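Chemist: The listed protein sequences correspond, in order, to chains V and Z.
Our numbering numbers the first residue of the first sequence as 3 and each following residue consecutively.
Our numbering numbers the first residue of the second sequence as 86 and each following residue consecutively.
For the record, the hints were derived by calculation from the structure and aren't laboratory data.
Predicted model, so just to flag it, every value in this text is computed and none were measured.
Where hints are given, some of them may not hold.
Unchecked claim - In silico contact screen, one side only, chain Z against chain V (beta carbon under 10 Å); selected entries:
| no. | residue |
| --- | --- |
| 1 | Gly93 |
| 2 | Ile97 |
| 3 | Glu104 |
| 4 | Asn141 |
| 5 | Leu147 |
| 6 | Val180 |
| 7 | Gln181 |
| 8 | Gly188 |
| 9 | Ala192 |
| 10 | Val210 |
| 11 | Leu216 |
By construction, the Cβ of each residue, glycine as well, lies at the ideal position given by its N, Cα and C atoms.
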Amino acid sequence: MVKVYNPKSLKEALNIRQNHLVTPYAGGTDLMVHPDPNQTYLFLNKIPEIKNIVEDSNYIRIGACCTFADILKSPIPPTILKDAINLLASPAIRNFGTPGGNICNCGGKKQTKGCKGCWNFGKSGGNICNGSDKSDSAVVFFATNSKLRIASSTTERIIPISDFYCCDRKDALATNELLLEILMDRNDYSNYYYKKVGARESVSLSRVAFAAIINIDSSNIITNLSTAFGAVSNVIISEKQIDKMLIGKTIDEAKKLKSAYLSAYERSVKAKEGRVSSNYRKSVCLNLLGDFLETKGI
Amino acid sequence: MIKFVLDGEEVISKSPANERLLDVLRNELDSKGVKCGCKEGECGACSVIIDNKLANSCLVALGAVENSNVMTITGYSKTSRFAVLEKAYSHFSAVQCGFCIPGMILASECILAENPDPTEEQIRVGISGNLCRCTGYNAIVKAIQLAAKEGRGLW
Numbered sequence: 003m004v005k006v007y008n009p010k011s012l013k014e015a016l017n018i019r020q021n022h023l024v025t026p027y028a029g030g031t032d033l034m035v036h037p038d039p040n041q042t043y044l045f046l047n048k049i050p051e052i053k054n055i056v057e058d059s060n061y062i063r064i065g066a067c068c069t070f071a072d073i074l075k076s077p078i079p080p081t082i083l084k085d086a087i088n089l090l091a092s093p094a095i096r097n098f099g100t101p102g103g104n105i106c107n108c109g110g111k112k113q114t115k116g117c118k119g120c121w122n123f124g125k126s127g128g129n130i131c132n133g134s135d136k137s138d139s140a141v142v143f144f145a146t147n148s149k150l151r152i153a154s155s156t157t158e159r160i161i162p163i164s165d166f167y168c169c170d171r172k173d174a175l176a177t178n179e180l181l182l183e184i185l186m187d188r189n190d191y192s193n194y195y196y197k198k199v200g201a202r203e204s205v206s207l208s209r210v211a212f213a214a215i216i217n218i219d220s221s222n223i224i225t226n227l228s229t230a231f232g233a234v235s236n237v238i239i240s241e242k243q244i245d246k247m248l249i250g251k252t253i254d255e256a257k258k259l260k261s262a263y264l265s266a267y268e269r270s271v272k273a274k275e276g277r278v279s280s281n282y283r284k285s286v287c288l289n290l291l292g293d294f295l296e297t298k299g300i
Numbered sequence: 086m087i088k089f090v091l092d093g094e095e096v097i098s099k100s101p102a103n104e105r106l107l108d109v110l111r112n113e114l115d116s117k118g119v120k121c122g123c124k125e126g127e128c129g130a131c132s133v134i135i136d137n138k139l140a141n142s143c144l145v146a147l148g149a150v151e152n153s154n155v156m157t158i159t160g161y162s163k164t165s166r167f168a169v170l171e172k173a174y175s176h177f178s179a180v181q182c183g184f185c186i187p188g189m190i191l192a193s194e195c196i197l198a199e200n201p202d203p204t205e206e207q208i209r210v211g212i213s214g215n216l217c218r219c220t221g222y223n224a225i226v227k228a229i230q231l232a233a234k235e236g237r238g239l240w
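Chain V with its partners taken away, still in its complex shape:
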């Protein structure tokens, strides 16, 4: 008989994670696509400490196991995140899926000693922890330079989300750790761009998902520019060095650099083959990037 771990508190969950090889179960919406009867799940879907959406002086704090539906209902998360979630899967999946699982889920693959963990049940913890480049919510967390709060029963660390992904469907979560929160800096995210290209609007895996934030001050100077592409490569693409080409420039200067900026992305983006061809994915990326700049007056 497979043991059941249904902790009621975070402390209890971390102690179980410390002492047993378990697969974290957040929402289940990725994990249960390919359930493995030999896995032992650590059910995290009823632990209140990791289901909050709050803000403090530094961060918007999104509990890894709040559901996508929770995020849509909360007044706290930025609109770019809600736009991405509104196009994610279906209402039933948004009711249970989590961003933490979306970040951590390892694509629903089985937990092994080499694979660090799987989060599911449609939660933010899951959408991040799945290590999938197709995680629509994670694309937004990349574009907003979000951080992840990770803990074991004895340690705690905060890392940039870009440091979390090792490679395709692998993440930096140790076998004794859990993702607790996604931390979004309290910046201005109101000037944004988000588009998902899929076979249809609902219940559709992204062929390309693109998120971008741009901040322009009263002197028309670009003070921040951050982009991210999902579903294109084995990990989410976020090219800070290329984006820096336009930061600190006026809109007029950025217009002159636009061609060089797009060329740099053309050289950089290595799109994968899959449900659609790599050439198609790359073309969509560059079209979206161009549309983003044009929309923002560049």
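Dock chain Z against chain V, hints included.
Modeler: Coordinates of chain Z only, in the frame set by chain V:
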């Protein structure tokens, strides 16, 4: 063993905690109103309502519903809200082969529970995870609109 409430009655499942709720409902608890379609959350045939939220029971592990309330079409069909939806679906001939209908009815319930007077767009979004290969959806959308009108005060 996992304990939960199924259609208003407490049940105890002896299945493994990582088994799909869908399989537990159909195979162990003989709740055959829940249909098995795609087993990957795409079709909505296995929809149930867990703690007042629409869920794909194929993507829920049994252990996740410990102490939860699970409602299937079997339990829901005893309610006055179901009677209104049944009449509206019949009025528009919104049922053809019927395979999607248990899930579609439960999705309809969740749409109206959240918003008793939904727009057509809200209805279409609400059933977007429930596939029907027969009707083309228009009859179903009209049926939900009629149920909202005829059942005013119930939701």
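Chemist: Now, for every hint given, state plainly whether the structure supports it.
Modeler: Consistency of the hints with the structure:
| no. | hint | in the structure |
| --- | --- | --- |
| 1 | Gly93 | 21 Å, violated |
| 2 | Ile97 | 13 Å, violated |
| 3 | Glu104 | 8 Å, holds |
| 4 | Asn141 | 5 Å, holds |
| 5 | Leu147 | 9 Å, holds |
| 6 | Val180 | 20 Å, violated |
| 7 | Gln181 | 21 Å, violated |
| 8 | Gly188 | 9 Å, holds |
| 9 | Ala192 | 8 Å, holds |
| 10 | Val210 | 7 Å, holds |
| 11 | Leu216 | 8 Å, holds |
Violated hints, in rising order: 1, 2, 6 and 7; the structure is consistent with all others.
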